[in-house]
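Chains as they are written, first to last, in our numbering: chain B, 1 to 289; chain F, 1 to 378.
Note that these hints are calculated values from the structure, not bench results. As the structure is a computational prediction, the values presented were derived from the model and not from experiment. C-beta: ideal position from N, C-alpha, C; glycine also.
One-sided and incomplete, this derived list gives chain F residues near chain B with beta-carbon spacing under 7 Å:
| id | residue |
| --- | --- |
| 1 | E84 |
| 2 | N127 |
| 3 | N148 |
| 4 | R150 |
| 5 | K170 |
| 6 | D232 |
| 7 | E241 |
| 8 | I247 |
| 9 | T270 |
| 10 | S311 |
| 11 | K312 |
| 12 | V313 |
| 13 | I331 |
| 14 | S336 |
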Amino acid sequence: MSRLKIAAVLLAVVVGVIAVSTFTVDERERVIKFQLGEIVRTDFEPGLYFKIPFVNNIRRLDARVLTLDATPERYLTSEKKNVIVDSYVKWRIGDTANYYRATKGDELRAGARLAQIIKDELKSQIGNRTIKEVISGERAEVMNLVRDNAARAAADLGIEILDVRLKQVDLPANVSSSVFRRMEKERATVAKEFRARGEEQAKAITADAERQRAEILADAYAEAQAIRGEGDAQAAETYARAFGQDKEFYSFYRSLEAYKRSFSNKGDVLVLEPDSDFFRYFGNVQGQR
Amino acid sequence: MAWNEPGGNNRDPWSGGPRGGKGPDLDDLLKQMGDKFGRVFGGGGKGSSAGFGLLLAAVAAVWALSGIYIVDEGERGVVLRFGEYVDTTMPGPHWHMPYPIEKVETVDVDSFRSVQLKGQMLTEDENIVQVDLGVQYNISDPAEYLFNVRDADLTLRAAAESAIREVVGKSSMDFALTQGRSEIAARVRTLLQEMMDGYKAGILIRTVNLQDAQPPEAVQAAFEDAIKAREDEQRFINEAEAYANEIIPRARGNAIQQVEEARAYRAQVTKAAEGEAERFSKLYAEYRKAPEVTRERLYLDAVESVLTNSSKVMMDVEGGNNIMYLPLDKIVSQASGAAATSGMTTGGDTTRRPQSTPSTAANDNNRVRDLMRSREVR
Chain B
1 MSRLKIAAVL LAVVVGVIAV STFTVDERER VIKFQLGEIV RTDFEPGLYF
51 KIPFVNNIRR LDARVLTLDA TPERYLTSEK KNVIVDSYVK WRIGDTANYY
101 RATKGDELRA GARLAQIIKD ELKSQIGNRT IKEVISGERA EVMNLVRDNA
151 ARAAADLGIE ILDVRLKQVD LPANVSSSVF RRMEKERATV AKEFRARGEE
201 QAKAITADAE RQRAEILADA YAEAQAIRGE GDAQAAETYA RAFGQDKEFY
251 SFYRSLEAYK RSFSNKGDVL VLEPDSDFFR YFGNVQGQR
Chain F
1 MAWNEPGGNN RDPWSGGPRG GKGPDLDDLL KQMGDKFGRV FGGGGKGSSA
51 GFGLLLAAVA AVWALSGIYI VDEGERGVVL RFGEYVDTTM PGPHWHMPYP
101 IEKVETVDVD SFRSVQLKGQ MLTEDENIVQ VDLGVQYNIS DPAEYLFNVR
151 DADLTLRAAA ESAIREVVGK SSMDFALTQG RSEIAARVRT LLQEMMDGYK
201 AGILIRTVNL QDAQPPEAVQ AAFEDAIKAR EDEQRFINEA EAYANEIIPR
251 ARGNAIQQVE EARAYRAQVT KAAEGEAERF SKLYAEYRKA PEVTRERLYL
301 DAVESVLTNS SKVMMDVEGG NNIMYLPLDK IVSQASGAAA TSGMTTGGDT
351 TRRPQSTPST AANDNNRVRD LMRSREVR
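Construct the complete structure from the given sequences, taking the supplied hints into account.
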């Protein structure tokens, strides 16, 4: 056989041996090296390492930040009110050996146990606070406290908790509907207030305008009457001056005018005796008196 | 002992039996392969070795070439050597040491990814609002993105949901629905970036938009009514002002009219007085010149005018206790009828005689005659 063939065969053998006795650790992995079932080493940085085939075997775990997304749960607040909370936990493997011992590397199992820890902690924190504090004022505090307090129990599982975050903090459905009604009522009150205010101002404006109108008209009436009075006075004075020249003649003249004006219609009926000056010559050619 | 020692029967050391026996004959196998390739590459036994060498060389070359890769524009290549991160490569052609020594994963860092969130949430004052949130982000550190967090995109979505609910939970409903939108979006952005940085997810938040913030559908009608009420308030005020702006000028106009009418009256009355006074004065002046004649003339003219223009009943009773029958109501109605039908009052008593109503003019004369006759009888 040629040397080349020998070399090729040797190469294949070497490759095979290498493949069986080395392993890589990816950036995303935590690797446990066992020796005959016992944990030997867990602190592998990413890179290439050696193992003894059949004696050592390795187990790979996800080193990244993982998410435990819990289902929404009902909790009781300090006011004995129900609140529905949906939360998630950001965790990763802290102590690889502990984690493996506690969960055998089963993420679901790890998740279930972690969920219980978190739930208990949440119950305690929420139970000490009012709804408003949980929603708003102390929300961040609740999250931080749950994280910090759960960290100790989680460490027993070899789990490092990075973050516990509340997603939903909501009222149960039946309470929501009463919240809606309250919101509607509040809005209705606001609406009524607006409209009432508007009407009030409108009335004020209207009343003021009408008052001004009355004043204007009253002033005008007064002024008009005064002017008319002036006219009347002036006329009276003129008349008096003229007619005063001869009161008797005025009386005569004016009476005649009055008679003419009073009886100017065929509808007026006069029943007369022929004894006035008009009829002086009526029955007597010389004129009777 | 060596396998080709004399007397050793040329035993095949592997199979343990005589050469050419059962079992895989490796030497033959290789020879066959070499022959085959030798035939391809040309040449005999010696050539087969060379061909085999060429084969190895070819395999090695292919293996080496497999390390060539191209990073597209907008991407980065993350190079791992034996699982360990060594480099991030820029867009363009590169070469890495072939698998299993090195491998490369490419990550799109330029294109923006987006997350849309919609949901109802509680506000600080325990009201419920409906919120629409949009987040845009891209990958800022491809190595962190790949290595630190499993499912970084899902992580971002959950974090965004948590962040918006936290920020809205700290805001009042009015604030969230009206002027607070941009501030809420800014707070969410800060919070979200903090969280992503805390997880070292290698993600950069680009924009956060509070696209919509509404009261929940169930109560929207009430909210809209409140808005309408505010408009109503303004409308009431506007209507009142319009009314005021109408009646006051009109009143002023009215006032001016009244005053002007008064002034007209005054002028009229004074002028009439002056006219009449002048008339009287002039007449009086003439009267003074011939008083008796003037007086008589005036008197007769006046009475004549009166009598011609009215209906008359003449009664000439000289003493006695005679009882006159004077149907005044009939006379008056006849007189009115005559006035109506004749239109203008004329000097004479000759008027048209309608058949239905007896003419008062003729009757007048008859009356006078009748009455005078009756008087004579006495």
